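Using the sequences and the hints given, assemble the complete structure.
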Amino acid sequence: MTPRLGLPDLGIGIGLRSAHYAHILERRPALGWFEIVSDNYLEDAGRPLELLDRIAARYPIVMHGVSLSIGSTDPLDHDYVRRLVRLRDRVNARWVSDHLCWTGVAGRNTHDLLPVPLTRASLRHIADRVCAVQDALGAPLVIENPSTYAAFRGDTLSEWDFLAGLCAATGCGLLLDVNNVYVSSRNHGFDPRAYFDGIPWDRVVQMHLAGHSDNGDHCVDTHDGPVIDAVWQLFADAWRRCPDGASVLLEWDARLPAFPVVAAEARRARRHMRTAAGAVS
Amino acid sequence: MSPRRERSACAASAPATERPLQAAQAWLYAAITGADVPPDSDDVLVAGHVGVGTRLGIYRHAYRARLEECLADDYPAVRALIGEGRFARRCAIAITQHPPREPTLNRYGRFMPGFLQEQRGVPAAAADLARLEWALVEAIHSPCGEIVDVDALARVQPAQLASARFHADPSLRVVVSRFDVDASLATFQRTGTCPAPARLPSAVAVQRRPSGLRRTPLAAGFAPLLAALAAGQPLSAAISTIPPRLLTQDALAGCFRRWFAAGFLVGVQS
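Top line first, the protein sequences correspond to chains W and Y.
Residue numbers for the first sequence follow my numbering, beginning at 4 and rising by one.
Residue numbers for the second sequence follow my numbering, beginning at 2 and rising by one.
Calculated from the structure, these hints are not laboratory results.
In this text the structure is predicted, and so the values were computed from the model without any measurement.
Cβ atoms here follow ideal geometry from the backbone N, Cα and C, with glycine treated the same way.
Just so you know, not all the hints are guaranteed correct.
Partial pick of chain W residues on the chain Y-facing surface, computed with a CB cut under 10 Å [said to hold, decoys possible]: (1) D42; (2) P118; (3) F155.
The structure is reproduced here in structure tokens:
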């Protein structure tokens, strides 16, 4: 299979946040790419979209959504998908991603990434919807593993088996959020390396790194600080398992520092990539 | 057997994922957005080393915090006017009454002016201040006006004037209030403190220009005319919104000159 489903390796990027618009446009920092939260730009006009146009003229853009609600039992929101396609075409986004989750039901939206029941029935349901979205995109959808805090008693699959099944059934790509693997492993008590053993690495298009809050017996994916050492170690392990590489992105949302601080944290990934490469050789 | 045990036994006989998927999602939605954690939570979710109440609590907190943050972002001056604590309590009520239904939160806060108007114990001016802040949100997500055609009106034949419709800057919003909410907002933006708006009729035009958001005070008596024209009413109908005592040719001509020059009106269709 073609590495990364034929999608480019964009190097190291940062999640685009409005507080950094001015710095990016004025200083033009050297950086591989930006990932946008698609939902913030699903308008037909406006200041955020105009600024995005200017940034997209200078940097590769990837779209990362939070409201596709691919696991919901509500009908797929085709208008939302059409708006994704329009935005993708407008900013020449290299790919479109969202989460293995659902965000609402019965027409109501929590705007949170809620855990899907990990069963065969759920897998069939989500696979059908992924295929429908991919038909609309004319390209693979890239699915991210979310941080989860709850699991259903009736679950019959691990999350990694579920994702492997989803990739096999649909041809979708994977956005491996290393921090989310760590957070979920702490919350549910699994070994992150078992997770890594189970996913199809040839489908990993992109990796996410981020900080989280550690509350002792559980963690919350808060994106409010630097990446912790344990997540960097997992990242190095992931990088070793990903021989063709992947685009790597740092997310930082809350308590957002100045752009150079975020960029410096993202660039730390390079050192861990080198460490991983050394271990492989 | 207590009612709680009865419910638990029922849930245990049909674990979440053996129920239809939709029922499992409806259950979790209710558990996150409802007033209390459901009594059958331990029968539906896995506890492990962390209690189910804690697990659900993460989602329950995130749901409310995210929406409150969204409202605080849209209405910072209202929040400063009524105080953080009272704002948070009103948000909690508002979120229950207005659960989000759209995939993006860009327009979630649109209900807030009407909601505040119905709230006892909130200053009467808060709803009007919220209208002004919402106009700013809408303007941010609107296109800027096209090139202003200041001579357009002069080309309209007198016989066609009554039926003429005007094109307004698509970002234009007209906010009319019994209070001087624009002055309070200006003070808030300068100092971070929002004084109670004076009881003084006011009107302000909000629009987005390439340089940023712009607020322009309007003569209160003529503001409804601009609002009616921006809404697409023909001149003859729009003009009925202003008091007859203000209807002088000079006053009207002055308004149109200013409105075209400011880019509120950008063209005319006769």
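Here is what the structure says about each hint:
Interface hint status for D42 of chain W: upheld, as the beta-carbon distance to the closest one in chain Y is roughly 5 Å, under 10 Å. Interface hint status for P118 of chain W: upheld, as the beta-carbon distance to the closest one in chain Y is roughly 8 Å, under 10 Å. At its closest, the beta carbon of F155 of chain W sits 4 Å from a beta carbon of chain Y; the interface hint therefore holds under the 10 Å criterion.
When the structure is compared with the earlier hints, no violation turns up for any of them.
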